[in-house]
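Residue numbers (this note's numbering), protein chains in the order written: chain E, 33 to 368; chain B, 33 to 368.
It is possible that part of the hints are untrue.
[Said to hold, decoys possible] Anything over 12 Å on all C-beta distances counts as not near chain E; from chain B, calculated:
| no. | residue |
| --- | --- |
| 1 | Asn82 |
| 2 | Glu89 |
| 3 | Leu90 |
| 4 | Ser100 |
| 5 | Glu119 |
| 6 | Ser133 |
| 7 | Val154 |
| 8 | Met156 |
| 9 | Ile158 |
| 10 | Arg216 |
| 11 | Asp239 |
| 12 | Ser244 |
| 13 | Gly324 |
[To be verified] The calculated label-pair distances, taken between Cβ atoms and stated as ranges, are:
| no. | chain 1 | residue 1 | chain 2 | residue 2 | range |
| --- | --- | --- | --- | --- | --- |
| 14 | E | Asn82 | B | Asn307 | 44 to 52 Å |
| 15 | E | Leu306 | B | Asn307 | 43 to 51 Å |
| 16 | B | Asp157 | E | Lys114 | 40 to 48 Å |
The set of hints was computed from the structure by calculation and includes no laboratory data.
All residues carry an ideal CB built from backbone N, CA and C; glycine is no exception.
2 protein chains.
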Amino acid sequence: MASIIRQDLSTKDWTIFSVNRAARPRDYKEIKSSKAMKRYEPGCPFCPGNEKETPEELLSINGGKDWSVRVVKNKFPAVEPKEAFGEGHFDNRHVEGPYFSIDGVGEHEVIIESPEHDDNLVKMDISHVEKIMRAYRERFIDISNDPENQLVIIFKNHGRRAGTSLDHPHSQLVATPFVPGYIRNRMFEAQRYYDDFGRCVHCDIIDYETKSKERVIYENDRFIAIAPYASVVPYNIVIYPKKHQSCFTEISPKDLLGLAEVLQTVLNKLYGLLNDPDYNYIIDSSPMDQSGNRYYHWHMEILPRLSTRAGFEIGSEMKLKYVDIEGPMWGRCLAG
Amino acid sequence: MASIIRQDLSTKDWTIFSVNRAARPRDYKEIKSSKAMKRYEPGCPFCPGNEKETPEELLSINGGKDWSVRVVKNKFPAVEPKEAFGEGHFDNRHVEGPYFSIDGVGEHEVIIESPEHDDNLVKMDISHVEKIMRAYRERFIDISNDPENQLVIIFKNHGRRAGTSLDHPHSQLVATPFVPGYIRNRMFEAQRYYDDFGRCVHCDIIDYETKSKERVIYENDRFIAIAPYASVVPYNIVIYPKKHQSCFTEISPKDLLGLAEVLQTVLNKLYGLLNDPDYNYIIDSSPMDQSGNRYYHWHMEILPRLSTRAGFEIGSEMKLKYVDIEGPMWGRCLAG
């Protein structure tokens with residue numbers, strides 16, 4: 033039984049139901065500090081020597097035994113390629129009473145960021161972080177070539193409060209056969225802004241923040257990190273390419289070092305300020321059927337996990353913040 | 033300094049920035065089982081005898097010293113009535129560069145559900161649960177009479193993983209001066225369904241589930257509890273009034289016992305099955321300027337907090353579930 037994706041009739045939101053992921057391992061029983069981690073953990077499927085425990089390898093940087101970054105299929109995938117649905121697979125839409133569902137067709141990969149079990153993006157050589165960005169780019173482009181994949185998301189869950197189930201540093205790539213309403217709405221709002229002003233809304237944000245300087249956390253010649261005006265969590269950071277690019281597929285190989293440098297720098301600021309906080313980051317990119325557009329601008333969103341979403345945020349999707357007005361303040365305390 | 037609400041230029045989402053809530057108390061340092069709680073806690077601001085520690089009392093059921101349910105203003109409000117913004121308050125929209133913000137005008141109340149510190153909705157007399165529902169109704173109607181309040185949300189955070197900061201059983205009411213895009217989208221989808229089929233989408237769900245029986249968890253003559261087809265978390269439950277009502281203001285006093293009975297029954301099932309899980313519930317109702325409509329149907333959404341939202345769910349607003357296809361199964365394991 034593969035997974036299945038269902039649509040809520042009233043909200044148009046989608047849910048992925050995955051049988052596989054119920055069985056995935058968790059390598060701790062309680063919160064464990066990364067300081068207590070060993071460089072090598074014999075039982076860890078991502079540590080060197082255990083390469084046979086991971087499914088099909090899709091990419092290996094440096095290659096062979098001395099790999100520095102590996103990409104493999106997720107052993108407990110949320111979605112799977114259409115072959116998993118058998119020969120009869122043709123149309124993946126189903127009707128059940130008044131409801132719709134679609135087969136959970138897609139891709140779910142793991143980017144193993146380092147051979148070292150206790151490694152951390154903040155302490156790697158910058159050339160190693162660049163290799164991780166290269167793996168992101170290569171896998172993203174490869175996956176987006178299959179027309180079945182409509183949305184590709186790359187994300188990282190760092191720490192237990194961020195939803196990590198394995199401590200060994202890794203990120204994930206998921207491709208889905210539909211675009212969720214949440215993303216459609218973002219695209220629609222960006223289109224509406226473009227219709228009104230003739231410009232990409234994110235380009236306008238970058239221009240304004242570059243001039244005002246108040247919320248710029250760090251920048252180099254190709255990328256800029258901003259504490260957003262209406263940040264959704266405390267210490268929320270967004271990294272933009274300075275040049276307009278709608279989709280992560282448009283990043284060029286020579287941009288990767290700049291992205292690595294901005295990412296590592298801002299994570300280091302968070303690390304120092306908040307003592308290695310749990311966080312998620314996500315590459316938020318145009319859906320494949322809208323790549324190359326003028327109105328949307330891909331970005332990397334960093335979300336420290338310092339507080340718990342409660343009933344109000346869930347019921348309204350408004351974000352409640354329990355700290356001082358942060359925009360300018362956070363920009364300042366993270367700057368320099 | 034009162035709070036302020038900001039709009040994200042690209043997503044149209046709103047964030048409330050609250051200075052006040054940073055100072056609110058937390059009555060534990062670590063996860064504490066409700067089993068270890070005392071019936072009376074001298075330092076708790078919601079326990080009898082400490083009534084002077086809470087701000088203005090808005091409602092007291094039974095009244096005086098022997099109150100059974102009290103509603104008070106939140107001491108650490110996320111939003112505040114317009115008087116808090118001073119005499120100059122007239123237009124609450126502001127422009128800052130390319131951005132918008134609005135003052136955090138609104139109401140934030142606490143419904144203290146019982147004088148007993150260790151009380152729990154699952155073990156109260158049903159007549160007491162009815163009194164809590166009565167407090168919800170009276171406060172909701174009162175607040176919705178002020179045209180400044182555009183959306184009213186009542187919610188409960190049970191347990192630390194659900195975001196509780198005080199153990200004494202309580203729920204909250206928040207009224208905001210705008211309707212978030214998330215709710216506007218729900219209303220729009222309901223309108224679109226009504227345009228297509230001439231019926232309320234939720235009425236159609238209730239009809240279908242009543243006939244198929246597969247996902248009905250419990251019902252009485254006035255209310256029905258369903259395990260939704262595309263549930264957003266494991267053991268997600270939705271309680272609907274069987275008669276079409278668009279807004280919680282439309283509930284009649286004689287409905288309250290029926291609502292109390294369905295709510296207590298399904299919480300009891302969760303309690304038994306999952307050993308007093310943390311959960312949120314939310315009353316999801318039409319915005320005030322759309323009350324009395326034909327296309328939306330208020331409901332109470334119960335969301336157990338068993339898993340952590342990680343990067344993928346955050347990035348896509350898709351819900352990932354790590355358990356067996358639940359709809360039917362959960363309906364069955366919760367039924368009877």
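Verification of the hints:
1. Asn82: holds (23 Å)
2. Glu89: holds (22 Å)
3. Leu90: B:Leu90 is indeed farther than 12 Å from all Cβ atoms of chain E, at 18 Å.
4. Ser100: holds (23 Å)
5. Glu119: Non-interface label on B:Glu119 holds, nearest chain E Cβ at 22 Å vs cutoff 12 Å.
6. Ser133: Violated, because the least Cβ-Cβ distance between B:Ser133 and chain E comes to about 8 Å, which does not exceed 12 Å.
7. Val154: Holds, because the least Cβ-Cβ distance between B:Val154 and chain E comes to about 18 Å, which exceeds 12 Å.
8. Met156: Non-interface label on B:Met156 holds, nearest chain E Cβ at 20 Å vs cutoff 12 Å.
9. Ile158: holds (23 Å)
10. Arg216: violated (10 Å)
11. Asp239: violated (9 Å)
12. Ser244: violated (7 Å)
13. Gly324: holds (19 Å)
14. E:Asn82 / B:Asn307: 44 to 52 Å: Once the Cβ atoms are compared, 36 Å apart, the range 44 to 52 Å for B:Asn307 and E:Asn82 is violated.
15. E:Leu306 / B:Asn307: 43 to 51 Å: violated (33 Å)
16. B:Asp157 / E:Lys114: 40 to 48 Å: At 55 Å between Cβs, range violated.
Hints 6, 10, 11, 12, 14, 15, 16, counting from the list given before, are not met by this structure.
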